[in-house]
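K.L.:
Chain residues, written in single-letter form:
There are 2 protein chains.
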Amino acid sequence: MTTASVITKETIAHFFMELQDRICQALETADGSGRFREDAWERPGGGGGRSRVLSDGGVIEKGGVGFSAVQGEATAATLKTLNLTEPANFFATGVSIVLHPRNPMVPIIHMNVRYFEMSTGQNWFGGGIDLTPHYVVDEDAKWFHHTLKTVCDRHDPAYYAQFKSWADNYFYIPHRQETRGIGGIFFDYLKPSDEAHKAALFAFVQDVGNVFAPIYTHFMAQNRNLPFSEREKNWQLLRRGRYVEFNLVWDRGTKFGLETNGRTESILMSMPPQANWVYDYQPEPDSAEQQTLSRLKKDIDWIGR
Amino acid sequence: MTTASVITKETIAHFFMELQDRICQALETADGSGRFREDAWERPGGGGGRSRVLSDGGVIEKGGVGFSAVQGEATAATLKTLNLTEPANFFATGVSIVLHPRNPMVPIIHMNVRYFEMSTGQNWFGGGIDLTPHYVVDEDAKWFHHTLKTVCDRHDPAYYAQFKSWADNYFYIPHRQETRGIGGIFFDYLKPSDEAHKAALFAFVQDVGNVFAPIYTHFMAQNRNLPFSEREKNWQLLRRGRYVEFNLVWDRGTKFGLETNGRTESILMSMPPQANWVYDYQPEPDSAEQQTLSRLKKDIDWIGR
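Quick mapping for you: the protein sequence lines, in order, are chains A and B.
Going by my numbering, the first residue of the first sequence is number 1, and it counts up by one from there.
Going by my numbering, the first residue of the second sequence is number 1001, and it counts up by one from there.
Just so you know, not all the hints are guaranteed correct.
[What the hints assert, rightly or not] List time: in silico DSBU-like cross-link candidates among lysine-lysine, alpha-carbon distance up to 35 Å: (1) Lys298(A) / Lys1255(B); (2) Lys255(A) / Lys1255(B); (3) Lys233(A) / Lys297(A).
[Said to hold, decoys possible] If you want the footprint, here are the derived chain A segments under chain B, 3+ residues with CB under 8 Å: (4) 113-127; (5) 240-251; (6) 277-283.
In short, the hints are calculated from the structure, not lab data.
For every residue, glycine included, the Cβ atom is placed at its ideal position computed from N, Cα and C.
Sequences are here, hints too, so could you generate the full structure?
P.N.:
Written out as structure tokens, the structure reads:
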């Protein structure tokens, strides 16, 4: 009989820190010319992080890969959410990524994996990966979702359907009645029931983190040299405007960070290098742009399409 | 003995509609080549508006002047704010303006005048004007604030100090620890105590609306031909990024509109044509950009400076 080994918050933070290293290396290799610049920072209340930004690369126009491990007194709102009546400390660690490519035929991507632990004992994992193509290509969307499903299926046959639906609902822009992109997976509050379960959840989160680089470098290699004109560039800039709208108006993580005095430059690494707005822009009927808009809906079965 | 004539919501809405006409005409004349395009719209719950947008003008790169007069059932949140326990209808009318100029030496400007009335009888005025220069010029800031103070002083000697301070606090970006620009005046919940008081408040709001065109056409004429280089243009695009951050993250009106299913394109007429983000941008010490940043603070006495 073996005892499940204890997964400590240090073990998890260490994995995330190495994940950041491996992802940055894979992205630099795939990009060719771009290099990440690192800012190490400390949080006044405890802990800190390493923000890495790549600007003006061969493929990536602006991208951020952030790692953080912070701790301190939980806010009143957090205590209330957890039904805690006494002060308590929190610990939070994770990796967050948003990459904006230069070529409009390469999609925007976002990934986050995170772990949260209270001094009172509660702890949980969260995360997700979602893709925002400027132009939706069905076979790419199918490959992306199939790859995520494969990862999910290795851990729980129910995960993909559940987390795909969660992503559809989370990455949604109500005031535009559009999804941000073609979704992906999103999960939160995955709470272990015991140490063996915690090890299983951690293994899942590790797999999600590990599949990020293969997914995105695939799209970088496949689409980096696809031709585009001013038309596609203009559309990309408008879609980036929607990305800004989602992140600043609706994204819980961004709002929470900005409202609780987080490190602004690290939180807003997700902003595109440039975004445009045109009043009441309407793509031409039957255009590629219109076809993309028609696919920015919840509950599309990308794999079975 | 005379009785104060009754100021009806129709009277106020009619003034606002004509104000929109007069402002658009003054802006077109000052711009030279730009023309407003109008979208008339109806609100499913009652009322509607006229959104007017000018794009690619001689001075104005993108600007919106909106009028609306809407009514319907008050939301639960509104009822709660007003301590009302029974369902009630609201009526709201106003003019909202944001103008983004082409030349970085011309400031961004915002103006809003509004009137709100409940079927239960409560009613109040609100509004304001604030200026966001890409480069703060002390004498222009002084003239702007002095012009607003002159308008305020005609109605109440306490108004300017009170409403200037309110603007400093309202047009503030906490996550940047910067004001949006050099402020101006902001006021809300100006509730009439009787009909004579209502006439006085309406007269003040009319004066605020009427001073907008003289103020902005002054800056258009004065600065439209000032020389600028790529450096000033880049700085303008970064400052527009801050404008986007304020409007989408902090502006109560924008958030309320987007969260309550308002007409998105009218609400987001305030978005700039283009905005840029650079990770952790730091202007050079003693540069004009750094000097501008040093002036984006609350409680600067622009007139006495």
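K.L.:
All hints, please: hold or fail.
P.N.:
We went through each hint and held it up to the structure:
1. Lys298(A) / Lys1255(B): holds, 23 Å
2. Lys255(A) / Lys1255(B): The given pair, whose Cα atoms are some 12 Å apart, holds under the 35 Å limit.
3. Lys233(A) / Lys297(A): holds, 23 Å
4. 113-127: violated (count 0)
5. 240-251: With 5 residues closer than 8 Å to chain B, the stretch 240-251 of chain A meets the three-residue bar; holds.
6. 277-283: Since 4 is at least three, the answer is holds.
Consistency with the previously given hints fails for number 4 only.
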